[in-house]
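> From first to last, the protein sequence lines are chains F and A. The first sequence begins at 105 in the working numbering and counts up one residue at a time. The second sequence begins at 7 in the working numbering and counts up one residue at a time.
The hints are simulated quantities; they were obtained by calculation from the structure and are not laboratory data. Only a predicted model underlies this, so the values are computations on that prediction, with no experimental measurement involved. Possibly wrong hints are sitting among the right ones.
Unchecked claim - Chain F regions said to be covered by chain A (calculated; three or more residues, Cβ under 8 Å):
#1 130-141
#2 147-154
Claimed, not checked - Sample of chain F residues lacking proximity to chain A, with all beta carbon distances greater than 10 Å (derived):
#3 A144
#4 L160
#5 L170
#6 R195
#7 D231
#8 H251
#9 L268
#10 K272
Claimed, not checked - Examples of chain F residues lying across from chain A (beta carbon under 8 Å, computed):
#11 I266
#12 M286
#13 S287
Quick reminder that beta carbons are idealized off the backbone N, C-alpha and C, glycines included.
Residues per chain, in single letters:
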Amino acid sequence: MARYATIPSGPLAAASDIKLAQAAAGGDRAAFAELVRRAAPHAWSTLRRMGAQPALADDLTQDTLLVALRAIASYRGEAAFASWAARIAAREYLQHIRKNARVMLTAEPVDADTPDDPAAAHGARLDLDNALARLKPIEQLCVSLCHGAGFTHDEIAAELDIPLGTAKSHVTRALKKLRRLMSGEEEEQRA
Amino acid sequence: MTETDFASDLERAFREPAPGVDTAALERAILGRVERANRQRWLVLSTASALGLAIAIVTAFGSGFVALLREAWRALGTMELHASGASSAWLFALVGLIVLASSIVRAARDA
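Based on the sequences and whatever the hints tell you, model everything.
Next up, the structure:
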């Protein structure tokens, strides 16, 4: 695995996603490596923000990029390759959830800091990842699908097999909570 | 924080990599899997080609050879080689050779 040579990224780094995808579709491994470099961090981050643990995010990111390679001829360059791959990653995670009988959606947040954490207790301003970890898993999933993977409310409802109104309310509630947590409004209210 | 500020903050934050991402490790793992998948594909193609060649060889030399042996056994018994029997053995061998050649061409094209 580690013996794969690092490809000099000079001219490739400047190439557009669609050019790289066309080259990768023609079997150019260096072009695909550059696409991986561009898309893997975003896919991994999307998976983590949807609620995947790091090891699972690693596995699903690998699966995602392999799926992307197989389907690369269908990439039309309408969105950034990283966004296209993030949508595939999101679908891979949803498939994983379905196989695991939605256990993860009913579980309580596992990454959230403890309530004794001074930052949480005083409503200090949090970054996105810490704020997401404080949401209910279903809210975390819905808001990440919507804002991280670019799914519409309709798509979220269809993928999760929930009514459209429920999907919308999960996203809205999550956004309200995120806003409060990310802006430190609790602190402001106290003051 | 206004609604617009929050929306743009959120958009920016979602584009940022999450903490703990190891791009180099992910890249190595993904490219390694692609490499392994290619090797497996090559192995399957090679095995299929080798199998094709083996069948062709058996067809070319097997039937012809068996026929020749039969003729030789009969010749030993009668002390003469039937011209027609020998011809049919060589016909088998010729057909086998054609199959062998087409197999090689197909294997080369697939590779």
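> Tell me if M286(F) is really an interface residue toward chain A, meaning its C-beta lies closer than 8 Å to one of theirs.
holds, 7 Å
> Is it the case that L160(F) keeps its Cβ farther than 10 Å from each residue Cβ in chain A?
It holds; L160(F) is separated from chain A by about 13 Å at its closest Cβ, greater than 10 Å.
> Holds or violated: is there a CB of chain A closer than 8 Å to the CB of I266(F)?
At 22 Å from the nearest chain A Cβ, I266(F) fails the 8 Å test, so the hint is violated.
> Determine whether the non-interface label on R195(F) survives the test: each CB of chain A must be over 10 Å from its CB.
holds, 17 Å
> With 10 Å as the threshold, tell me whether A144(F) passes as away from chain A on beta-carbon distances.
About 4 Å separates A144(F) from the closest Cβ of chain A, which leaves it inside 10 Å; violated.
> Report holds if the minimum CB distance from L170(F) to chain A is greater than 10 Å, and violated otherwise.
Check fails; 6 Å does not lie beyond 10 Å.
> If you look at each residue in the segment 130-141 of chain F, do at least three have a Cβ nearer than 8 Å to any Cβ of chain A?
Our answer is that it holds, as 5 residues pass the Cβ test (under 8 Å) against chain A, meeting three.
> For the hint on S287(F), just tell me whether its beta-carbon gets within less than 8 Å of chain A.
Interface hint status for S287(F): holds (4 Å vs cutoff 8 Å).
> Per the stated criterion, does the least C-beta distance between K272(F) and chain A lie above 10 Å, as a non-interface residue requires?
holds, 16 Å
> Looking at D231(F) again, its CB stays over 10 Å from all of chain A?
violated, 7 Å
> L268(F) clear of chain A by more than 10 Å, beta carbon to beta carbon?
At about 22 Å from chain A, L268(F) clears the 10 Å cut-off, so the statement holds.
> Minimum Cβ separation between H251(F) and chain A greater than 10 Å?
Per Cβ check, H251(F) is inside 10 Å of chain A; nearest 5 Å; violated.
Hints 3, 5, 7, 8, 11, counting from the list given before, are not met by this structure.
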